[in-house]
Amino acid sequence: MPSIIAVKNLRKTFGTFTAVDGISFTVQKAECFGLLGPNGAGKTSTIRMLYGYSPASDGELYLFDQLINNDWRTVKNRIGVCQQEDNLDPDLSIRDNLLTYARYFNLSKSGARQITDRLLKFFALENRAKTNIRELSGGMKRRLVLARSLINQPDLLILDEPTTGLDPQSRHQVWERLEELKNAGLTILLTTHYMEEASRLCDRLVIMNQGRILVEGRPQELIQHYVGREVIEISPPSPKLLSYLKNHGLRFENLGQRLVIHNQADAGLFTLLTELFGDLRCTLRPATLEDVFLHLTGRELRE
Amino acid sequence: MMRDFSISSRWVRVWQRNFSVYRHTWKISFLPPLLEPLFYLAAFGIGLSSLVNSFSYRGQEIAYLPFIAPALLAITIMYNAFFETSYASFVRMYYQKTFDAMLATPLTIEEVITGEIVWAATKAGIAALLMQSVISLWGLVHYPEGLLLLPLAALGGLAFAAIGMVFTALVPNIETFNLPIFLFITPMFLFSGTFFPLQNLPTWAQWLAQIFPLTHLTILIRACALGRPELSLLWSLAYLMAFFLLTYPLALRGMRKRLIK
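As given, the protein sequences belong to chains A and B, one line each in that order. Following my numbering, the residues of the first sequence are numbered contiguously, the last one being 303. Following my numbering, the residues of the second sequence are numbered contiguously, the last one being 564.
No lab work stands behind these hints, which were simulated from the structure alone. Warning: the hint list may mix true and false statements.
[Stated by the list, open to error] When the alpha-carbon atoms are kept at most 30 Å apart in a straight line, the in silico BS3-like pairs for lysine-lysine are as follows:
id	chain 1	residue 1	chain 2	residue 2
1	B	K330	A	K29
2	B	K400	A	K109
3	A	K8	B	K330
4	A	K130	B	K400
5	A	K121	B	K560
6	A	K130	A	K109
7	B	K560	A	K8
8	A	K141	A	K109
9	A	K130	A	K29
10	A	K141	A	K130
11	B	K400	A	K182
12	A	K130	A	K182
13	B	K330	A	K141
14	B	K330	A	K130
15	A	K141	B	K564
16	B	K564	A	K109
Can you build the whole structure from these sequences, using the hints too?
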């Protein structure tokens with residue numbers, strides 16, 4: 001099966017600092033692949049190497065089954081990039097942003113107009129075509145950045161935190177558009193630290209921390225493997241409960257105000273605990289990717 | 304050195320981007336080069352000329368107004384080109400992240416910077432052309448030699464744009480541009496044979512002024528505007544070309560170092 005991205009022992013160092021520490025992964029055609037990780041995990045450094053913005057310090061990078069050295073020009077024609085910052089051109093209108101960007105790809109004038117109209121419609125921006133960038137809401141800006149990244153009709157779409165800072169409505173709208181693109185067969189590489197986003201969009205993903213890949217897999221499999229189907233949350237945990245759990249050899253995570261139990265072997269544990277310690281605020285909820293993420297990358301702040 | 308750079312004709316796309324923006328704001332962009340010479344002509348022609356008698360410049364008598372009018376052109380070229388690749392390019396690079404967006408396309412950093420430099424020279428050329436048309440109305444430009452002013456503006460524009468971009472590659476923040484402006488641009492503005500002949504300076508200062516690209520641009524433009532071509536102008540022409548050919552690769556290398564990490 002042809003791979004769209006294949007990365008082998010990719011490294012990125014800045015002086016003595018290692019941002020990406022020898023990672024390997026493969027992305028298949030028509031797949032949505034996620035790079036997850038806390039701030040500073042090396043996600044952005046990784047994808048900057050993948051679209052030729054910054055040269056890799058070491059390792060091999062294959063795009064569209066081709067080993068990439070310095071011959072970026074043709075490859076870049078096939079990649080669309082949605083960078084993290086809103087780097088739309090504030091000196092131009094919505095429509096001119098797209099038309100100008102199309103020129104960077106040497107698109108013909110008529111071709112650029114056609115695809116611009118189509119993208120404006122797809123992202124529900126056609127009524128604002130002449131609006132100045134400065135007047136746009138965060139959600140509209142993001143949609144325009146996304147539209148811009150599709151101007152060259154790429155075979156690979158690279159998204160660096162596409163919904164960071166958006167309100168829930170805008171976020172869902174972006175997700176819907178991305179799902180449509182995915183269903184149409186577009187290969188997508190996505191970084192995010194919204195676990196909901198990753199579970200919803202990604203077929204497979206890796207969780208990174210400090211420049212390394214911790215795990216790779218399908219979201220549901222990772223949840224099943226690391227957390228189980230359900231999670232019990234108790235807040236606040238009483239000393240009595242704590243000693244009960246310890247005495248019965250049950251694994252739990254104590255967060256001070258809150259206590260989390262993963263991987264319960266016994267499906268009846270929740271009922272048992274509510275019966276034994278009925279006065280506690282004890283909830284049973286489905287396990288999420290966020291549980292996996294926090295479990296693997298720890299809970300300390302990354303600043 | 305140029306062999307290490309990756310440049311195709313695609314830099315034109317960057318130039319086009321700047322030109323599109325300029326077209327939207329041309330009404331404002333056109334005003335300074337049209338009005339500025341009028342202010343200067345009024346100030347120097349009416350105010351100062353009565354104090355300054357005609358004097359000898361390169362062996363010929365000259366009145367003050369024909370002496371200074373070409374210098375104003377040279378200064379306009381310098382300012383337009385230098386400010387475009389310093390402040391304006393810095394804003395696009397640092398605040399608007401326009402270069403980042405461009406680098407996610409098949410454009411290379413060298414093409415982005417080349418497009419910026421050629422655009423700055425174009426802008427300087429447009430300003431010079433507008434100004435030239437105004438001072439021509441006062442009979443201050445000799446034709447047909449005056450037709451050479453546009454290519455000279457392009458060359459001078461390239462030289463000042465390239466050195467501006469060198470500073471953009473170096474400054475840590477936008478305030479730091481004050482330094483090259485205070486130490487480089489302002490002394491050039493005053494001591495390049497612009498407002499008084501270089502002979503009025505002590506010999507050492509005359510030699511020092513030979514380093515300034517504005518000295519040579521002023522000499523060239525003045526010779527064309529006065530219709531007094533001479534062989535020694537080739538030296539000034541060569542100097543400006545050499546200045547550009549040195550600063551342009553420096554700008555490319557500096558910006559690659561700054562942006563590609």
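Against the earlier hints, flag every one the structure doesn't satisfy and list their numbers going up. 1, 3, 5, 9, 16
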